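Asker: Reminder that position 183 of the sequence shown reads as 183 in the numbering used here, one-by-one numbering, no gaps.
The hints are simulated quantities; they were obtained by calculation from the structure and are not laboratory data. Fair warning: there could be bad hints in the mix.
When the alpha-carbon atoms are kept at most 25 Å apart in a straight line, the in silico BS3-like pairs for lysine-lysine are as follows [unchecked claim]: (1) K46 to K76; (2) K245 to K300; (3) K76 to K63; (4) K327 to K308; (5) K5 to K46; (6) K327 to K134; (7) K63 to K46; (8) K134 to K76; (9) K247 to K308; (10) K327 to K300; (11) K5 to K134; (12) K308 to K245; (13) K76 to K5; (14) K134 to K46.
Here the structure is a predicted model, which is why all the values come from computation and not from measurement.
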Amino acid sequence: MGKDKVRVLIADDSLYMRRMLRQMLENDPRICVIDEAVDGLEAVAKCISLNPDVLVLDVEMPKLDGMAVLDDVMRKRPLPVVMFSSLTQRGSHVTLEALSMGAVDFVPKPDSRDAISSVGDELCQKVVHASQAKLRIQEPLRRHERERAKRRRETAGKGTVESLVVIGSSTGGPQALESIIPGLQPNLSCAIIICQHMPAGFTSSFAQRLDSLSPLTVREAEYEDILEPGLILVAKGGYHLRLDKSKKDDRESYHVYLEEGAPVHGVRPSVDITLFDAVTLFEDRLMVVILTGMGFDGAKGAWAARQKGATVICQDQDTSVIWGMPKACYEAGASDTLVPLWQIPDMINEFCQNHTKRGLSRR
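Hey, can you work out the whole structure from these sequences and the hints?
Answerer: Okay, here's the thing in structure tokens:
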């Protein structure tokens, strides 16, 4: 066993699944499976005694379910956790809750045995990246804060969008966005698009979760959605989010269309694909925010945006779970502004306020 290998503990009550997970993980020379746990209590005990680099955790576990295991581990022996989650609606809600509680990432569990091996490469890649992640254990939003967000809910109403904010994120992004979205002003006049690397079947639940935290309306993007002031659209998993402009009765509008093209940088939705359209339509009325995540998606689009005078900011290394996408953006020269997570809501609010004033002055 190489000392530099990522030491993984598998926790799953299914013997078949444990064998498949072990086989997939040990096919990667970077990974070593040090043990297995068959129930939640054993998973917690082995996390404490063996101190693995990464825990691969099933949501449905006997004696102590996956969420309770995650809570226990994060309190007693914090370590990177990758959830292995079903594609059901309940599974997607539970997975997003797990990410909020501190899990680094997740891999959707195929619904048939024959398809299990198809997620091997994704699982190995996420386990290796998780081993390098910074843990960000976030307190859940308290009930009174959720209620306050709902009471404040209002949008600037229908009308022509003067400016657009595109937020790109991957690993660690759901947690980062749960910090950003509640801090946005309830009367925001710009439109916002979130491109979070997330598979089909999860983005609808993710949008609903953000909507429950937000003073603005958040929903999953659908074909021919119109960008509106104060509306936040989450790119639909499994599709690239594209933008176009139309004109009716001397009034311009910007609309969304979904494209099931080939993955770009191995992902779909791709931040770059959305940014290239956004740059063409909005130029210097565009703000690009690149958040935590592995890989380099968004760097080319952000660079193109900067050439047109757009505002581009990147999350700093200290507050990123994985400083991959922001680093690539920064090193490409797309931005010279590295920002801690807690400053980003105010920067978005300020950008939208400034461009509202510019829009009014042009009328």
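Asker: Just pull the numbers of the violated hints for me, sorted ascending.
Answerer: The structure breaks none of the hints.
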